[in-house]
Amino acid sequence: AQKVTQAQTEISVVEKEDVTLDCVYETRDTTYYLFWYKQPPSGELVFLIRRNSFDEQNEISGRYSWNFQKSTSSFNFTITASQVVDSAVYFCALSDLTGNQFYFGTGTSLTVIP
Amino acid sequence: EPEVTQTPSHQVTQMGQEVILRCVPISNHLYFYWYRQILGQKVEFLVSFYNNEISEKSEIFDDQFSVERPDGSNFTLKIRSTKLEDSAMYFCAIWDRGETDTQYFGPGTRLTVL
Chain A
1 AQKVTQAQTE ISVVEKEDVT LDCVYETRDT TYYLFWYKQP PSGELVFLIR RNSFDEQNEI
61 SGRYSWNFQK STSSFNFTIT ASQVVDSAVY FCALSDLTGN QFYFGTGTSL TVIP
Chain B
1001 EPEVTQTPSH QVTQMGQEVI LRCVPISNHL YFYWYRQILG QKVEFLVSFY NNEISEKSEI
1061 FDDQFSVERP DGSNFTLKIR STKLEDSAMY FCAIWDRGET DTQYFGPGTR LTVL
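Protein chains in written order, with our numbering: chain A, 1 to 114; chain B, 1001 to 1114.
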């Protein structure tokens, strides 16, 4: 079965704190893609990152970093020194390598308090 | 300038009516997707479209749904006979799997079925 679980429904942090959003997935595929998206209060969807299953290197982009661990089927997302603008719902998703079908988690709503 | 535009931004229709949602990518792309998001819920994959054909569709994408690219530019999602439960935000997306390897989402069409 293809499934993405984001167990944290809502998280609140104070500005400048670090926060990690968890994502655990299940897949029957040996190779696949993992994604993170941001949906700010305005409602649009913003692509953040795509990761191949065969590339377990962690990725850093500014204050964002992603930790992919195939052994635990997790693809966690950390925001360092959070800012109010980081307040959004964050979705993790999974697809096979064709990228033809996507499975989304239920999202984590992050609120950064000034 | 956004890579993807969608029209209309909001569509109100009576149950049983047909609706057509339109997506216009700014430049030539090959990989198209439709997603829907019922208010307050997760993003759900509907269908992927590559090279003018459906690549994959989800269980949600039943016979009431169809997609086409009528003029090589617009990408449309048609719902033949709308139901109350079709009320949702519908997002079109493209995946530039070339140089940028980035997914771009349209701003969405809010469909309200009365």
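Do not rely on the hints blindly, as some may be mistaken.
What the hints assert, rightly or not - 20 Å max Cα-Cα, derived PhoX-like pairs, lysine-lysine:
#1 A:K38 to A:K16
#2 A:K3 to B:K1083
#3 B:K1042 to A:K3
What the hints assert, rightly or not - Covered by chain B, according to a simulated footprint, are these stretches of chain A (three or more residues, beta-carbon under 8 Å):
#4 56-64
#5 70-82
These are computed hints drawn from the structure, not numbers from a lab. Glycine included, each C-beta is placed from N, C-alpha and C at the ideal position.
Status of each hint after checking the structure:
1. A:K38 to A:K16: holds, 19 Å
2. A:K3 to B:K1083: Violated. K3 (chain A) to K1083 (chain B) sits at ~27 Å, over the 20 Å cutoff.
3. B:K1042 to A:K3: Holds, because 13 Å separates the two Cα atoms, which is no more than 20 Å.
4. 56-64: violated (count 0)
5. 70-82: violated (count 0)
In terms of the numbered hints stated before, the structure departs from hints 2, 4 and 5, listed from lowest to highest.
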